[in-house]
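Trainee: Here the structure of chain A is known, so what remains is to put chain B in place on it, guided by the hints.
2 protein chains.
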Amino acid sequence: MLEDEVAGKARSVKEASAALYTCTSARKNALLRAVDRRIRRASEAILDANSRDLESARLAGLSSVLLDRLTLNEKRIGQMAAGVREVIALPDPVGRVSRTIRRPNKLRVQRMTVPLGAVGIIYEARPNVTIDASALCLKAGNAVLLRGGSEAINTNRTLVEILRAALTEEGLPAGCVEFIDTTDREAVLLMIRQEKSLDVIIPRGGRQLIAFIQEHASVPVIVHGEGNCHVFVDRSADLDMAEAIVVNAKVQRPSVCNAAEKLLVHERIARKFLPRVAGKLREAGVEIRGDETALALVPGAVAATDADWGMEYLDLIIAVRVVAGLDEAIAHINRYGSHHSDAIVTGSKGHGEAFLREVDSAAVYVNASTRFTDGFEFGLGAEIGISTQKLHARGPMGLEELTCSKFIVHGNGQVRT
Amino acid sequence: MLEDEVAGKARSVKEASAALYTCTSARKNALLRAVDRRIRRASEAILDANSRDLESARLAGLSSVLLDRLTLNEKRIGQMAAGVREVIALPDPVGRVSRTIRRPNKLRVQRMTVPLGAVGIIYEARPNVTIDASALCLKAGNAVLLRGGSEAINTNRTLVEILRAALTEEGLPAGCVEFIDTTDREAVLLMIRQEKSLDVIIPRGGRQLIAFIQEHASVPVIVHGEGNCHVFVDRSADLDMAEAIVVNAKVQRPSVCNAAEKLLVHERIARKFLPRVAGKLREAGVEIRGDETALALVPGAVAATDADWGMEYLDLIIAVRVVAGLDEAIAHINRYGSHHSDAIVTGSKGHGEAFLREVDSAAVYVNASTRFTDGFEFGLGAEIGISTQKLHARGPMGLEELTCSKFIVHGNGQVRT
Chain A
0 MLEDEVAGKA
10 RSVKEASAAL
20 YTCTSARKNA
30 LLRAVDRRIR
40 RASEAILDAN
50 SRDLESARLA
60 GLSSVLLDRL
70 TLNEKRIGQM
80 AAGVREVIAL
90 PDPVGRVSRT
100 IRRPNKLRVQ
110 RMTVPLGAVG
120 IIYEARPNVT
130 IDASALCLKA
140 GNAVLLRGGS
150 EAINTNRTLV
160 EILRAALTEE
170 GLPAGCVEFI
180 DTTDREAVLL
190 MIRQEKSLDV
200 IIPRGGRQLI
210 AFIQEHASVP
220 VIVHGEGNCH
230 VFVDRSADLD
240 MAEAIVVNAK
250 VQRPSVCNAA
260 EKLLVHERIA
270 RKFLPRVAGK
280 LREAGVEIRG
290 DETALALVPG
300 AVAATDADWG
310 MEYLDLIIAV
320 RVVAGLDEAI
330 AHINRYGSHH
340 SDAIVTGSKG
350 HGEAFLREVD
360 SAAVYVNAST
370 RFTDGFEFGL
380 GAEIGISTQK
390 LHARGPMGLE
400 ELTCSKFIVH
410 GNGQVRT
Chain B
0 MLEDEVAGKA
10 RSVKEASAAL
20 YTCTSARKNA
30 LLRAVDRRIR
40 RASEAILDAN
50 SRDLESARLA
60 GLSSVLLDRL
70 TLNEKRIGQM
80 AAGVREVIAL
90 PDPVGRVSRT
100 IRRPNKLRVQ
110 RMTVPLGAVG
120 IIYEARPNVT
130 IDASALCLKA
140 GNAVLLRGGS
150 EAINTNRTLV
160 EILRAALTEE
170 GLPAGCVEFI
180 DTTDREAVLL
190 MIRQEKSLDV
200 IIPRGGRQLI
210 AFIQEHASVP
220 VIVHGEGNCH
230 VFVDRSADLD
240 MAEAIVVNAK
250 VQRPSVCNAA
260 EKLLVHERIA
270 RKFLPRVAGK
280 LREAGVEIRG
290 DETALALVPG
300 AVAATDADWG
310 MEYLDLIIAV
320 RVVAGLDEAI
330 AHINRYGSHH
340 SDAIVTGSKG
350 HGEAFLREVD
360 SAAVYVNAST
370 RFTDGFEFGL
380 GAEIGISTQK
390 LHARGPMGLE
400 ELTCSKFIVH
410 GNGQVRT
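Protein sequences, first through last, are from chains A and B. The numbers in numbering that gives the first Met the number 0 rise by one with no breaks, and the one at position 282 of the first sequence is 281. The numbers in numbering that gives the first Met the number 0 rise by one with no breaks, and the one at position 135 of the second sequence is 134.
You may find that some hints are simply not true.
As the list claims (entries may be wrong) - Here are the simulated DSSO-like pairs of lysine-lysine, each with C-alpha atoms no more than 30 Å apart in a straight line:
id : chain 1 : residue 1 : chain 2 : residue 2
1  : A       : Lys348    : B       : Lys271
2  : B       : Lys195    : B       : Lys13
3  : B       : Lys348    : B       : Lys279
4  : B       : Lys279    : A       : Lys105
5  : B       : Lys348    : B       : Lys271
6  : B       : Lys279    : A       : Lys195
7  : A       : Lys279    : B       : Lys105
8  : A       : Lys279    : A       : Lys348
9  : B       : Lys195    : A       : Lys105
10 : A       : Lys271    : A       : Lys348
11 : A       : Lys271    : A       : Lys13
Note that these hints are calculated values from the structure, not bench results.
In isolation and in its complexed conformation, chain A is listed as follows (with noise of 0.2 Å):
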């Protein structure tokens, strides 16, 4: 029953995926503004389904925290209306030739951008995610399954109408974006067991879920995992620099995936640096933990386990390490990073472009916050997520992640011989 449905929709994901194939750039934008049109137009609806699923979750006994997530308001409503014009704002990522090669048999070899396909969603609480990832899908060519967080299912599904009406509208197939409608979890199970159907799925949310579909998944995944982020104050950082990047990094927005979780100094450093460090750490409500010695340069500090090393808090808790230089500190973040966002702060160029080389993250940086791994940050245009694996995307992924590419070749009828 629920496998027939879940199989019927991803086939018709894959059927609608073939019109938005070839779609003009022209032809998607105009869908897009449909969407932004109707979203604008239906807030009144938005707003009362999205009253159901508070009322749900205050019965279930949800926390603020993620009330707070899956509440929507005018203002979040013309914030997903608004994104979506940035998203007809941005350039088609469909039929760019990124390599054309000329053989000497005179056939001409190019590799040009074409859609994924039929690209599964997967997400939790966040009901604006119904419009952003589907908008971001559909200006790139693709059609999408879509799998909200339960807590979400009514405002998910009024969203979910609006982008159908729009492909109506636009006498596109509906079955360009369809939506599982059930509180389910085997859904997911059964939607990851699609590849016949899809091309891809994207799960975004937390650790469990996360490791779930790798372990149960046919269709390949592009993986957002944690981010278990570092930032090493080196012995020729500029201290006020260092701080400032330091407190930004963990403070500034602690429960989200590119805020710093550990401090690595240099240990030349280590006396001068870390008291006032954690000064401004307190003063913002951070918890410090520390290595021997940073506990002996911070009073009240809690012993760090070797647990913590591996750990994303995602929230007001920092660990700090004293290190015996740029060697080591690679080495930490490359054996318990999780590969996401890593900074160092140095005054050395020697020693910036040896960690910014050595460094296996998706993104690292030389004297900078790592709160800036972001789509939008990054000038990207905007983000489906961040991609924490290495094949295909890996940082922050754009539109041009939507996509993949083939072999056009022309000829004037060569044969192999």
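Mentor: For chain B alone, coordinates are given in the frame of chain A:
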């Protein structure tokens, strides 16, 4: 026991990959020169090991095709060594900056190619893959875990010894190349679940092996699937050119994935073209299957069943269908094809461009044989295989496709507000 061995070797590869991550081109090339030299010097030992594999294979009753694939001789050993020298001559794919974005806040965001890390290769009979795949992986800065066909285990073991001796000679960890030295098939299942250690699995083999790996892998996989390739002869085609392309695509090497398996012919030229091309194909020993219209035009052809349209024969068989025009041809290819390599023969520029745009395959051709889908023929220098999936790499995979990227960000104290 076996589980510990596979996990241990995967970990060894992962650890060793750090040494290759920042290896200079000069050093990687010195390593490959040592491999080349050692292969040429060890031909006697290689032939000896190979003769033991051949003896077991003969006793086990392997077909002459498989025995041929397994067989090494002086000439083939020379070709393996020459292949390594070709990889030495290719440019290093690591460290290329493909994108530079300067942000209003003066951050400089760049995307740089870096090694994938630890690559698992699973392959079948041909022992030359041991050297070819390892050379490409090492040049791209990747460590490699090899699992070859059980028929070739003695040959593969000897070749791996050569690779590891060369690594040691160059002061690199021998763990940069590890070999699953068992014929136990359980090892494949264990290997594809080492997601903590391996960054990607590249399987090369038959349909069953690929399906098994897709089903059970937790490590990301780059699938090398089937080639159910088409040639569509349009109404405006030059019929001499069409005949040459169809015969070449079908006959020149029927056992490979880029050989044509299907011929689609425009109904307006079917009466003229089909009998002559059928004659040529038959001269080359090709069995012709056809739809009703084709059967009427090619006496003695066998009726094609519905199963034929989705089938990869890898043999001297072709199925022919007469279509009403371009749109029907494209729809047929997208529906029944394997999205590998498909060609149109046409005199119409517009039809050619529409075919290139609308056929959703890894390689699409106008007026050339599908047999060119190959890393060497496309000018990529070499190939580790031909990907039929959409994520990461699609079509022939060269050195560049054995890398991934990271964002490197230069700042001067930027924090996020």
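Trainee: Each of the hints needs a verdict: does it hold here or not?
Mentor: Outcome of the hint check:
1. A:Lys348 <-> B:Lys271: violated, 72 Å
2. B:Lys195 <-> B:Lys13: The hint holds at about 9 Å.
3. B:Lys348 <-> B:Lys279: holds, 27 Å
4. B:Lys279 <-> A:Lys105: The given pair, whose Cα atoms are some 26 Å apart, holds under the 30 Å limit.
5. B:Lys348 <-> B:Lys271: Cα-Cα ~22 Å, so holds.
6. B:Lys279 <-> A:Lys195: violated, 37 Å
7. A:Lys279 <-> B:Lys105: holds, 26 Å
8. A:Lys279 <-> A:Lys348: Satisfied, since the Cα-Cα distance of roughly 27 Å is no more than 30 Å.
9. B:Lys195 <-> A:Lys105: Given that 30 Å is the threshold and the Cα spacing comes to 45 Å, the pair is violated.
10. A:Lys271 <-> A:Lys348: holds, 22 Å
11. A:Lys271 <-> A:Lys13: Status violated; Cα separation ~60 Å.
Hint compliance for this structure: hints 1, 6, 9, 11 are broken, all remaining hints hold.
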